[in-house]
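Protein sequences, first through last, are from chains A, B, C and D. Once you know that position 130 of the first sequence is 153 in this note's numbering, the rest is easy, because the numbers rise by one and skip nothing. Once you know that position 240 of the second sequence is 263 in this note's numbering, the rest is easy, because the numbers rise by one and skip nothing. Once you know that position 211 of the third sequence is 234 in this note's numbering, the rest is easy, because the numbers rise by one and skip nothing. Once you know that position 420 of the fourth sequence is 443 in this note's numbering, the rest is easy, because the numbers rise by one and skip nothing.
Just so you know, these hints were derived from the structure itself, not from any lab. Any given hint might turn out to be false.
Pairs of lysine-lysine residues, derived as BS3-like cross-links and limited to a Cα-Cα distance of at most 27 angstroms, are as follows [claimed, not checked]: (1) C:K482 to C:K505; (2) B:K419 to B:K246; (3) D:K246 to C:K237; (4) C:K83 to C:K25; (5) D:K117 to C:K497; (6) B:K486 to A:K246; (7) A:K513 to A:K489; (8) A:K482 to A:K499; (9) D:K517 to D:K488; (10) D:K360 to A:K51; (11) B:K474 to A:K237; (12) A:K427 to B:K34; (13) B:K218 to A:K489; (14) A:K427 to A:K246; (15) D:K117 to D:K50; (16) A:K505 to A:K246; (17) B:K218 to A:K419; (18) B:K360 to C:K384; (19) B:K157 to C:K50; (20) B:K505 to A:K25; (21) C:K423 to B:K50; (22) B:K513 to A:K486; (23) C:K25 to D:K423; (24) C:K423 to D:K117; (25) C:K486 to D:K497; (26) C:K35 to C:K157; (27) C:K486 to C:K384; (28) C:K25 to D:K246; (29) D:K474 to C:K237; (30) A:K50 to D:K88; (31) B:K497 to B:K513; (32) D:K170 to C:K218; (33) A:K482 to B:K486; (34) B:K157 to A:K246; (35) C:K486 to D:K34; (36) B:K50 to B:K237.
Protein chains: 4
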Amino acid sequence: MKKIYGGIYSKKPSVSTDAFIVDEAQKKAEQLLIPYYLWETLAHNYMLAVQKIVPKKVAKKILSKLLEYLVQADETGFNIDPSIGDVHENFEAKLTADIGSDAGWFHTARSRNDQITTDQKLLVKQFCFDIFTKLYTLSGTLGYKSKRYASVLMPGITHTRVAMPSSFGFWWQSYLDELLTVEELFVSVLAVIDKNPLGAGASYGVNWPIDPAKTQQWMGFDKPLVNGLAAIDDRGIHELYLLGLFVGLMTVLSRMMEDIVLFSMPEIGYFSFDESFTTGSSIMPQKINPDIAEKVRAKIGTVLGCLVNTCVSLKGTPHGMNRDSAETKTAFIDAAKTVSDTLGIVEEMVATLVPNEIAMKHALAPALATKLVDSIVQTYNIPFRQAHEAVGKALKASDKDIQKITPQLLAECIGQVWVHHVAVTAEFLSKVLDLDGLLSGFSYIGSPNPKYVVYITKKLLIKNKKLAHTMYVKQKGWNQAKLQLINDVKMYMKKEGA
Amino acid sequence: MKKIYGGIYSKKPSVSTDAFIVDEAQKKAEQLLIPYYLWETLAHNYMLAVQKIVPKKVAKKILSKLLEYLVQADETGFNIDPSIGDVHENFEAKLTADIGSDAGWFHTARSRNDQITTDQKLLVKQFCFDIFTKLYTLSGTLGYKSKRYASVLMPGITHTRVAMPSSFGFWWQSYLDELLTVEELFVSVLAVIDKNPLGAGASYGVNWPIDPAKTQQWMGFDKPLVNGLAAIDDRGIHELYLLGLFVGLMTVLSRMMEDIVLFSMPEIGYFSFDESFTTGSSIMPQKINPDIAEKVRAKIGTVLGCLVNTCVSLKGTPHGMNRDSAETKTAFIDAAKTVSDTLGIVEEMVATLVPNEIAMKHALAPALATKLVDSIVQTYNIPFRQAHEAVGKALKASDKDIQKITPQLLAECIGQVWVHHVAVTAEFLSKVLDLDGLLSGFSYIGSPNPKYVVYITKKLLIKNKKLAHTMYVKQKGWNQAKLQLINDVKMYMKKEGA
Amino acid sequence: MKKIYGGIYSKKPSVSTDAFIVDEAQKKAEQLLIPYYLWETLAHNYMLAVQKIVPKKVAKKILSKLLEYLVQADETGFNIDPSIGDVHENFEAKLTADIGSDAGWFHTARSRNDQITTDQKLLVKQFCFDIFTKLYTLSGTLGYKSKRYASVLMPGITHTRVAMPSSFGFWWQSYLDELLTVEELFVSVLAVIDKNPLGAGASYGVNWPIDPAKTQQWMGFDKPLVNGLAAIDDRGIHELYLLGLFVGLMTVLSRMMEDIVLFSMPEIGYFSFDESFTTGSSIMPQKINPDIAEKVRAKIGTVLGCLVNTCVSLKGTPHGMNRDSAETKTAFIDAAKTVSDTLGIVEEMVATLVPNEIAMKHALAPALATKLVDSIVQTYNIPFRQAHEAVGKALKASDKDIQKITPQLLAECIGQVWVHHVAVTAEFLSKVLDLDGLLSGFSYIGSPNPKYVVYITKKLLIKNKKLAHTMYVKQKGWNQAKLQLINDVKMYMKKEGA
Amino acid sequence: MKKIYGGIYSKKPSVSTDAFIVDEAQKKAEQLLIPYYLWETLAHNYMLAVQKIVPKKVAKKILSKLLEYLVQADETGFNIDPSIGDVHENFEAKLTADIGSDAGWFHTARSRNDQITTDQKLLVKQFCFDIFTKLYTLSGTLGYKSKRYASVLMPGITHTRVAMPSSFGFWWQSYLDELLTVEELFVSVLAVIDKNPLGAGASYGVNWPIDPAKTQQWMGFDKPLVNGLAAIDDRGIHELYLLGLFVGLMTVLSRMMEDIVLFSMPEIGYFSFDESFTTGSSIMPQKINPDIAEKVRAKIGTVLGCLVNTCVSLKGTPHGMNRDSAETKTAFIDAAKTVSDTLGIVEEMVATLVPNEIAMKHALAPALATKLVDSIVQTYNIPFRQAHEAVGKALKASDKDIQKITPQLLAECIGQVWVHHVAVTAEFLSKVLDLDGLLSGFSYIGSPNPKYVVYITKKLLIKNKKLAHTMYVKQKGWNQAKLQLINDVKMYMKKEGA
C-alpha cells in the first residue's frame, strides 16, 4: 500500500514500524473511532463544498460515498487494516479505490492532526455521556435505598471500629452525595473542554478559506476553535482533567466496595447481597466470595494507571503534535471503558443489597458512649472533656462494655474528674442505652435523623434529575447536530443536482 | 501531657507513636493550619454560645481567649508541639492552661474529624486563591507577549521538526489559551466542592442542637452540610479533583519549559531569556544552563506523585474517618506549594523572553512546502493528494531543500502524478517562497493570522479578567466572613455584659 | 556572594532563582549530604595530592582544613545557606574564607556533576544499610512469633472469608518469608549498583591524570567507573531500582496492616496489640483506634508517589546532567526515610501482638468444609469434584453451618452427585469436625503443619542472619574505607612535612 | 454451564458477573496462559498419580488427555470461553466432556489459587526470557556501534547545551553500560523470585500427601515452596519487583529516544537514521517525523501505569487470595509486552543510526572552554577557580565565542583574577583549539579516550555474553524440565500398562 505521504520518501516504513505504530491497542482504538471519523469527515467535506474549496462535482462524489460509509459503518462495520495505517489512511485508501483520483481532494485543508484530535474528542464525549448515564442510574438506586432504609439503625464506623449511631439510609446517602459531586464536576468540566479542534490543521491552521464555525455547529461542539496550536496540544490534557474525575470516582467506589466486602462478612453481617454477584471456590465448598466487589475495589488501579500514563506520555514533549500523544487515546479508552463497566455492575450489585437489621442493632451498643457523655453534660452540667474522661474511666472498669456500667461506677468515675458530687440513677443510664428514637434526637440537616435523611435524599434525587436533564439536553443537541448535518448534505446533493 | 481521650486508656501512646503520628511533614502541616483552625474554632464556639449549648459565662471566657489567640497567631505565631499532638490538642492544652476546667466545654458538639476536615478545606481554599492569582498574572504576561509578537514569524513545529509558518505571538497564545482552560476549571471545581463540613462530628453528626448553617456563613462556605459521613469521606477526594487540575497544568508547563530549553539552544536560537534564570558550571566556564526551565519541567513529577499518594492513601479504606486520610493533607500542601512557587518563577522568567527574529525567519523555509502544495491545487486545479505527492518528489530530488526546487523539476514531478501537463513558472515559485504577508493569508480565527491572533488574545485577556473577578468576589466574601465573625463575636461579648 | 561560575555572566541569578533551585526540600537534602560530601571531597583532594595535580603545599592546606571540617560536621554541624547555593558552593565559600585564593585548587578535575552524584550515592548506601538493619530486626521478630505460635489455630482467610485451617505461626511466617525476599533483593540490587561515579566530571571525564580507582577504594565502592556519561545518567535510575523494592515492601506492609486493623476488630478479635500503638477520640470515649496500623497502611502512597516522581522527573530528558535529576535526590530521601520510620514502628507494634486463641478456634468451623470433602474422597473413593458438590449441597441445606450437617443429609447429598450409595456415619462426621491434631495432618513443607512451620522458620531465621552478615561485612568495609582514608591523609600530612 | 463450585449456590452468577470477571483483558490473559496451565496441570496430575492420590486407572485417563491437549494447544489452539470461566474452568469442562465423571479427580489437592499463581509465574518467566534476549541483542548492537565510533568526535551535552568533547562511541557506550545494569538486575531478581507456588492450595496447603518438590522439579523452579500463604500473597508483589526494573529500563530508553529526536533535527544533525523508522504527514510533504522514537519515548507511560496499577490493586487487601490480585496478571502482561516490542523496534532503528561527523566536529568549539581553563592551570600554575573565572570573562568579552578570544584578551582577563602577570601566546591558544588527538589526552578508564572506550566496550560485551549465557542455561533447564516431564509421563503410561 502506498503511503499518503510518500513523495519525499525513498522507501516505505518497515513492517515493524507499521506494526509498532498501529499496535493492537491502537488498532482497537481506531476501530472505535470509525463513526466519529466519518462524522467529522462528512462535516469537513461538506464545509469544503459549501466554501467552494473543492469543485462541486468532486465534492458531491465524495459526500455521496461518505454518506454510504456512514450507513455501512452502522450496519456491517469496517475493519481497520493496520498495514494500511490509521483510520484516515484506511478510508482514504477506500475512497481512492471507490472513486479514483478525485479522492485526492478529500483531505484538502485538513491534517490528520486536527482530524484525529477532533475524532478523539467526539469519542470522549460519547464516553462521557455513557458514564454520566450510568452515574445517574447508580445515584437513583442509592437514593432509593437511602430513603427506604432511613430509619434502619446501623453502627457508624470510624477507624473500622464502631463509633456512633447511624442508619443504613445515612450510609447510602453518603455515597449518593459523593457521586453527585462527581456528576456536577462532570457537567462543569465537559462544558469547559467542549471545543472544536477542526481547522487547526497540523497545528498552525491551513491556507484555505475554511470556516471552522460551520464544522463546530455540525459536530455539536459548544465552543469555537481559538488557537490551532492549543487545540492540538489540548489533546490528552483535556483527557487528564476527565481522568482526574474518574480517579476520584473510582477511589470512592473502592471504599464502597471495601465496606461491602467487610460488613457482609458472616462474622459482622450488617448486610448481604445476591449470590449472583459472588463466585465460589474450586476447592472449598463453603465459599461464597465477593469477587465483584473485590474486582471493583481494584479497578482504581487501572484508572490511576491510565492517568499516570497520559501525563507521562505528554510530559516534556515540545509544542505541536508529537506521536507521543497517540498514547492518550488508548489510555483514555481503557479508563473510560473501565469506569463505565464498573458503574454498571456496581449498580446491579448494590440494588440487591439488603440489611440485616438485627445484626446492626445488636452491634450498636458501643456507639452509645458519646450519647452517655453528652447526657452527663446536659444533665449534670459538667464540661464535655471531663464527662468524656469519666465515661472513659467507667468503660475501662467495665471491660469496655457500656452495658456493664453501673450507676455507682459512673458516679464514682465522675467524682474522679469533677469537684461536685453527682448522683447517677439507673433511669438515667437505661435512657441512654435505649435505642428507641435514637436517631430522631439529632436536630439538624447533615445528621442521621431519618426525617432529614429522607428530606435531603429527595433534594439530592431532584438534583440528580436536573443534572441528568442538563446532560440529556447536551447529548440531544449533539445527536441532533449529526442528523442535521446528514440532512443538510442530502439536501445539498439534491439541490445541486446531478 | 495527658491525652484528651485518656479515660479508657491504661497507658499513654508510646513516644514512637506520637512521633510517627505527628511526623515532620504533619507538624509542618499542622503549623500551616493554625489560622484556619482558630477561625473554625471561633465560629464553632460562637455558635455554641448563640445556641446556648455552652453556658454563657464559660462561652465568653473561651471566645475572649480565642480572639486573643487569633491576634497572637498573626503576630508572634505559635509552635505546634508534636508531643502534645495535633493543632487541636495543642490549643485545648493551651486553653486549659489559660482558663482551667472551663476549657472542658470548648470541644462540645465537635469532633476532631469534622474540625480537621474543615480546617483543611479552608487551607485548600487559600491555596486555590493563591494559585489562581498566579495563574492570572502569568496569563496576563502571556497575553501581552502574544499581542506584541503577533506578527513575528516563527516556524511552527510538529514532531520537533519544522512544520508550518507560524508566529511567536501564536505560540504564546497557545499557552495562554491552555492556561485559561485551567482557570475556568478551577473556578468550576472550586464552586462544586465549597461545602461546609462542620457539624459532621465524628462522621455521624452530634447529639446537640447545633446549627451548621451559621458556621457555614461565618466561614464563608458556599454550600451547606448535607451528610456528615460524606463530608468526612470527601476529605482527600475533593483534593483529588483539584490535583487533577494541577497535574494538567503542570504537564502544560513541562511542555512550555521543553520549548524554552530546546528553542533557546544556541544551535537553534529562536529566542532567549535573561541569564538571571540560569546557572553556570563549576567546571565549564562557557556554560549558561537553563536550570529554572529544567526544574519546572521536572516538577510535574512532584505533583503527579502527590496525586498518586492521595489516591493510594484513600484506596480501599472503609467508610468514616481513618488515619490514612491524614496523608491527603500533607500531599496536597506539597503539591499546591509546588504549583504556586512554579507559577511564580515561570512568570518572572518568561517575562524576560525575547525573540530572535532573524533566526526564526531564517528557519522558516521548510515550512513553506504545504503552501506550495496548496498553491498548486489552487493554481492548477490538481487534487490535493497528487499535489502533495508531487511536491514530495520535488523535495526528494532537491536534497529536501525547497529553495532548490526549479520550475522544470516541479513540472516534471507534477507530470508523474497528474495526467494533464502543467507549466510551472519561476514567478509562481518565487511567490510561494515569499515571506511577506505570509500569515495574513490565513483567513479564519484559530489560524496564526496576526489580525486574528490580536483579536482573540484581547478576548482571552478579557476572559482572564472576568475569571479573576469571579475569584476575587469569592475570596473577598470569604475574607469578609471572617471579619464579620470576629465583629459579631466582639459585639456578643459586649452585649452580653461582664 | 559571588557565584563560582560567574566569569561569563553579566549578572547574578535572581533571588527567586536561588530560592527555587535550593528550595526547602533541596536545602534539607543538601544538609543531609554534608558528611558524604566531605568524605568524597577528602578522597578527591587526597587523590589530587597523590597524583601531584595540585601543588603539595596547597594540597596540604586544603586537606588539613577538610579534616577539620569532618570533625566539626560530626560535632557541631554546618548550616547550608541557600543564598550561597548547594553543599559544594557552601564549602568552597567556606574554604575560600579560611585559606584564601589557594581554595581555587580545590575543585580541580572535578565537576559538581560527578560530585553530587557520588555524594547522593553514598547517602543512598547509608539509607540502604539503615533500612536493611530494620528489615533484619523486624524479620527476627516475625520469626520469633512464627515459632512461638506455630501450634495456635487460626482460620486461614481468602477473600476476607474463612477459608481453611491455619495457624497464627503460619500467618507470621508468611510475612517473614515475604520480607526475606525483599532482603535478598536488597543485597542483590545494592551489589549491582555499587559503582564509583567520581571521575565522570561533568559527564565526559576531565583533562587531568586523575585515578578513579583510588577514590573508588577510599569511598568503599565495589565497582569502578566505566563510562562517565553513564555514571551521571545513572543518577535517579539506580534509585528507581531501589524504589521498586521499597514499593513492593510497603505494599506487603499495607496488607499486614489491613490484617491488623481487620482482625483486631472487637467483632472478630483474632488478636490484639498494645494500646500504646493506638489513639483515642476527642469526642467518643470508647474509641481505641489502630492509628499506627492505618498510617502505615497509607504510607505506600508516599513511597509510590516518590517512585512516580523520580521516573517522571527523568523521563525524556536528554543525555548528560540536567537539573531535572536533582528531584531524584529529594524523592529518594523522602521515600527512604518513610520506609525506615515505618519499619521501626511496625516492629515495635507487632512485637506486642498477642493472639486470642479462643476466638480463633471458635471461628474455625467453616474452614473444615474442605477437610470434609477430602475425607469423603479418601473414605468413599468418590472423585473430588463430586464430593465438593455434595458438601456444597449439604451446607446449603444447613444454613451454611457445617456443624448442622447430619449423616443422613450428607449421605443424601452424596447420593445426588454419585451413583453408588454411601453410608455416612456420625463418627465420620465428628472426626472431620475434631480440631485436635488438625494441622499435623498436613504432610509437607509449605503447609501449616506446626512441625514444618517451626522447621522452616528456623531456616528462614538462619537466612536472615546470613543476609545480615553479608550486609554487615559490606557496611563494615565501607566504614573502614573512610577511616583508612582519614588515616592515610593524616600520614601523608605528617610524611610530607611542613 | 454448571459452575465447578455450585453445590452451595442457589443460583448461578449473573451474566454480567461472568462478563465482568472474565473481561476482555482477562480473556486475553487466560488465552496466553493456556500452555503454562497445561504444563502445570500435567505436573500436578502426574504427581497425584505418583503419590497414588488418584486411582491409577483414572490418573492414566487424565494424563493421556492432558498430553493430547498439550499437542493441540501448540498446533490448533484453544479458545477460552468467558461464559465458562477462566482457563481452569474451561479445561475442567473440556475434560469432563471428554472422559466423564473421572474428570472429578483432576483438581484434587489443588486450588485455582495455587494453580493460577503458578501459571502466571511460568508466563512471567517466559516474558523475562524474551525480554532478556532482546536486551542482549540491543546491547550487542550498542557495543558494536560504540567500538566502531570510538574515535568519532561528538560534543558532549549537559543541560541540552554543548559541554565537553566526547565521542559518538562514548555516547553509545553510556547506554550499553546502563542496559547491562538492567541485565544484571534481571538475572539477580529472577533468581530470587523463582519459587514454586504449587502446593499452596487455597493459601493454607492441602490435606493430601502431595510432594511439591516433585512439581518444582518438573516445572523447573529454582526454589521450593516454603509457606503457602506467602506463595499466594507473592502474586503481584514479585511482578512489582520486575516492573521496577522495567520502569528503570524504559526511562533510560525514553532518554535515548529524546537524544535521537533532538540530535537528528536538521538544525543540529549530529546523526540520522533510516527513514523506514519515520512517518510523513498527510498535509505537509516535507515531513519526515521520528514517530518510532517518539512512541518509544512515550512508552514509559504505559509501563509506569502498569506498575502503579499493580501496586494499587494489591494495596491494603487482607492476607490470602483476593480477586483484586487478578489485575496484576493483565497489568504485567501489558507492561512486559510493551517492553518486549519496544526493545525490538529500538534495536532495529538504532542499528541504522549513522553519524554526521562533520556536523559534530563543527559543533565542538564551545566544548573546548574547559580545556582552556585546564591548560591555563597546567601552564601558568594558576588555581583552577581563578582560571575558570578568567576564561569566563574572556568568553563574555568575545560574544561567548571561544574562537574569538585573542591572547591579549585572555592575558588581560587572567590579570583581573590573578596577581602574577601571564604572557599568553597565540601558540598556546591554537593548541587548545586543536581538535587532533583531543580525546586521547584523557588518561583514564571512564573518560572518552577512544583507547579506553574500545577496551571497556570489549569487556562489557563479554559481560553481555556471560549474562546471556547464565540466562540461556536457566532457560534451557526450564525447557528441559518440561520435556523431561512429558517423557516421564509417557514412560509412566507405558510402564503402568493398560
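Pair hint B:K50 and B:K237, alpha-carbon separation not exceeding 27 angstroms = violated, 30 angstroms
Under the criterion that the straight-line Cα-Cα distance not exceed 27 angstroms, is the pair C:K486, D:K34 satisfied?
-> At roughly 50 angstroms apart (the allowed maximum being 27 angstroms), D:K34 and C:K486 break the hint.
Can the restraint linking B:K486 and A:K246 be considered satisfied, given a maximum Cα separation of 27 angstroms?
-> Holds. B:K486 to A:K246 sits at ~14 angstroms (cutoff 27 angstroms).
Restraint status (C-alpha distance of C:K25 to D:K423 at most 27 angstroms) | Judged against 27 angstroms, a Cα distance of about 20 angstroms means the pair holds.
Pair hint C:K486 and D:K497, alpha-carbon separation not exceeding 27 angstroms = holds, 23 angstroms
27 angstroms limit on alpha-carbon distance, applied to hinted pair C:K486 and C:K384 | Distance of about 32 angstroms is beyond 27 angstroms: violated.
Quickly compare the C-alpha distance for B:K157 and A:K246 to 27 angstroms and report which way the hint goes.
-> holds, 26 angstroms
Would you check the hint for B:K218 and A:K419, treating anything up to 27 angstroms between C-alpha atoms as holding?
-> It is violated: about 38 angstroms lies between the C-alpha atoms, which goes past 27 angstroms.
Is the hinted pair A:K482 and A:K499 satisfied, with a Cα-Cα distance of at most 27 angstroms?
-> Distance of about 25 angstroms is within 27 angstroms: holds.
Are the Cα atoms of B:K157 and C:K50 separated by 27 angstroms or less?
-> Roughly 24 angstroms between the alpha carbons, so the hint for B:K157 and C:K50 holds.
For the pair supplied as a hint, D:K117 and C:K497, confirm whether the alpha-carbon distance does not exceed 27 angstroms.
-> violated, 56 angstroms
Below or equal to 27 angstroms on CA atoms is what counts here, so check D:K170 against C:K218.
-> With Cα atoms ~23 angstroms apart, D:K170 and C:K218 stay inside 27 angstroms; holds.
Violated hints, listed in ascending order, are 1, 2, 3, 5, 7, 9, 14, 17, 18, 20, 21, 22, 24, 26, 27, 28, 30, 33, 35, 36; each of the other numbered hints is respected by the structure.
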